[in-house]
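Asker: Read off the chains here:
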Amino acid sequence: MVAHLIRLRFLLLGNMLRRSPWQIVATVLGGLYGLGVLALVVAGLVALGFAPLELARTITVLGGALVVAGWVVLPLIASGTDQTVDPARLARFPIRPTTLVVALTASGVLGVPGIVTSIAALASALTWARHPLAAVVAVPSVALGVLVCVIGSRLAVALASGHLGGRRAQERRGLLVLIPLILLGPIIVGLSSLVRSAPAVWPSVAAVASWTPLGAAWAVPGDVAAGSVGIAALHALITVATVVLAALAWRRALARALETPARESSSGVSHAGLGLFGLFPGTPTGAVAARALTYWVRDPRYSRSLVIIPLVPVLLAFYSTTTRNPGMLVATGPLVALLLGLSIYTDVSYDNTAFALHLQKGASGRADRIGRVVALAVFAVPVTILLAIGSIWYLGSWSALPGVLGLSLGALASAFGLSSVTSARWAFPVPAPGDNPFRARPGGGFSLVLTTWGTWGALAVLASPELVLAAVGAATGSALLEWLALAVGLLLGCALLVVGVRWGGAILDRRGPELLAQLQEQK
Amino acid sequence: MTVPSSPALAIRGLVKRFGEKLAVDHLDLDVPSGSFFGLVGPNGAGKTTTLSMATGLLRPDAGEVRLHGIDVWQDLVAAKRQVGVLSDGVRLFDRLTGRQLVVYAGLLSGLDRDTAVARTNDLLQLLDLESAGGTLVVDYSAGMTKKVALACAMVHAPKVLVLDEPFESVDPVSAANIRDILVGFVRSGGTVIVSSHVMDLVQRMCDRVAIVAGGRVLAAGTTDEVRGESTLEDRFVELVGGRRTGEGPAWLHT
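Those protein sequences? They're chains V and Z, same order as listed. 2 is the number of the first residue of the first sequence in this note's numbering; add one for each residue after it. 185 is the number of the first residue of the second sequence in this note's numbering; add one for each residue after it.
Calculated from the structure, these hints are not laboratory results. Since this is a predicted model, take the numbers as computed values, not measurements. Quick reminder that beta carbons are idealized off the backbone N, C-alpha and C, glycines included. A portion of the hints provided could be inaccurate.
[To be verified] Only pairs whose alpha carbons sit at most 20 Å apart, straight line, appear in this in silico EDC-like list of lysine to aspartate or glutamate: (1) Z:Lys343 - Z:Asp384; (2) Z:Lys343 - Z:Asp214; (3) Z:Lys205 - V:Glu522; (4) Z:Lys205 - V:Glu515.
[Said to hold, decoys possible] The following label-pair restraints were derived from C-beta to C-beta distances: (5) Z:Arg243 - V:Gly15: 25 to 33 Å; (6) Z:Pro433 - V:Pro95: 49 to 57 Å; (7) Z:Asn305 - V:Ala480: 53 to 61 Å.
Produce the complete structure using the sequences and hints provided.
Answerer: Shown next, in the form of structure tokens:
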């Protein structure tokens, strides 16, 4: 059974690659990047063998702890998670949860990230080449360390996407996970700035980490090399206990998932009346806007973006104080504009095949485009203006206001235009309706990252005139350039918006059936 | 009742290819106006593909589709005004309440809000969905979802209803109610085209029927013509083939 599931995992990967050549390109690029990083890490670990023992211990423990933390946290943030063998889909087969734990762990270790981590971990045994006993001990202990990574990661995903509780509870939990994750940056920076002020702290941080599940596995060989066998045994014990406990907890979560696969609970909550459909004009455009805005509130894939927005000024305020560069706060308005404006660049893909309704009813492409932009603009424009003015008010540099406003609104309008074209032209591998917003479609992760970079790059080009004007205006203190940035931002942004909406609408009118076929293919 | 001269649906030489597989193979089909038409066929016969192409949702590789004389792929919008579609295996905007979804469908097809709301209320009542009108569609059962999709198809008062598997997972009472609604729709001059696996239902309900397999029409005509002396199911099996004798592998018998 274990072998079957591992084979299934590679079959799924292979079939996915066969479906689209771009997936292969994305996978190859990702693989090359991984190989480069891996070679550097291995070289570094070998070199570390010639460093003083204390330094080698500190670095291996901290590095290992970071890797474990990465395994646990990354699947929750990045959408490129490895969900190749979804336990919920295996629910109908007679497989014991224990077997499933073993099989999924093995398939996790044999995945690309698992292999990379294993190689790097084994290379760390080379660090101890001058202490033969430690090198021998290192092999089983880092193997356990890799297990901690894989099982910890699966456990985290199982808990976050949990099948515990009904749909609504699940959605709410999914959103709450976001807040600490986004604030992770400041937390790490805060901790490391504390450490940086006293470099001597590093070894003690490593010492503390070595007593936690994160670092224990990586500390064992170092302990042996230093001759403290007792401490090594204790660290090994912590590691084994971590693996066993995490596996048990994961097994429990899996057993639950197998008993209640993708249960839909009916909540009995009733929404009277028409909601937003009664407020927007009774036209196709108004209806699309009302539908889209309703989704911003009710669909966690959209509301996820809403949770991020208030955290942007918080993050920027934090970084501007730690870097003693208050000017960074100026970026609040433009950054929020960019995030909001591009949040709909995959809008039709979020509809999934429900988009068929627009085609069935013969709604015009332009009504579709305008409606979606209006729904977003209803709150994005005021929020952007408020944040732009707020940041300037906080800094007291009112002379920069026109430039910042011009850049923010210009970027927002240009992003609307850009999103109107991209979402009409391409179907993106986004999470399906009702899926956990963190769950990636298999293989979608890397190509989605590429397209995200693509749209950000395109937007940077489109908004460059007002960006240059505002920046030069701020640098030279020229009021003329500042006001020019505002004018250019508004005019150019609106022009791009009109062009984008018309172009996107024309694409939808012409290629609607093809787009639907694409959506159906990846459904 | 006046019967327009042009057939409700006329398909000529329709072709659709998915990679190597020829899903629809030069298919010809005529659905007279005012008929209750059943499209039956085994899994993978090309029913859904044909209906998608007939309603402007999937572009054919070749061939022509006319809805009441309008060339569907030349004038998509005019064709879509004529037809109400219930697609099988397509999601709905299920974060809307049932009432919102039907109103949305009405507004998208160009109704004004008062008309859309009034018709939505009628349809919800007709389909026993009134009490569920305020519930999110994502929390509906499979049968309720089917019914609300049917309401979406009917809200703009089309002349032709094209329903792909409308009775799947619908309970018997609701199915009977839906059938009454469809019969009433035909009686008032509309045309209904349903695809189904349930031969018995098609035989009782439809006055005309076509048997499709391998992307071609094997038989078409009035239900009585097609079935002849036997039942529709027997005739279907006879035409399509693939019936196995025997009781399955021995290990399955306990």
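Asker: Against this structure, judge whether each hint is valid.
Answerer: Outcome of the hint check:
1. Z:Lys343 - Z:Asp384: 26 Å, violated
2. Z:Lys343 - Z:Asp214: Satisfied, since the Cα-Cα distance of roughly 16 Å is no more than 20 Å.
3. Z:Lys205 - V:Glu522: 15 Å, holds
4. Z:Lys205 - V:Glu515: OK: lysine 205 (chain Z) and glutamate 515 (chain V) at ~18 Å, within 20 Å.
5. Z:Arg243 - V:Gly15: 25 to 33 Å: Holds, since arginine 243 (chain Z) and glycine 15 (chain V) (Cβ atoms, about 30 Å apart) stay within the stated range.
6. Z:Pro433 - V:Pro95: 49 to 57 Å: 19 Å, violated
7. Z:Asn305 - V:Ala480: 53 to 61 Å: 59 Å, holds
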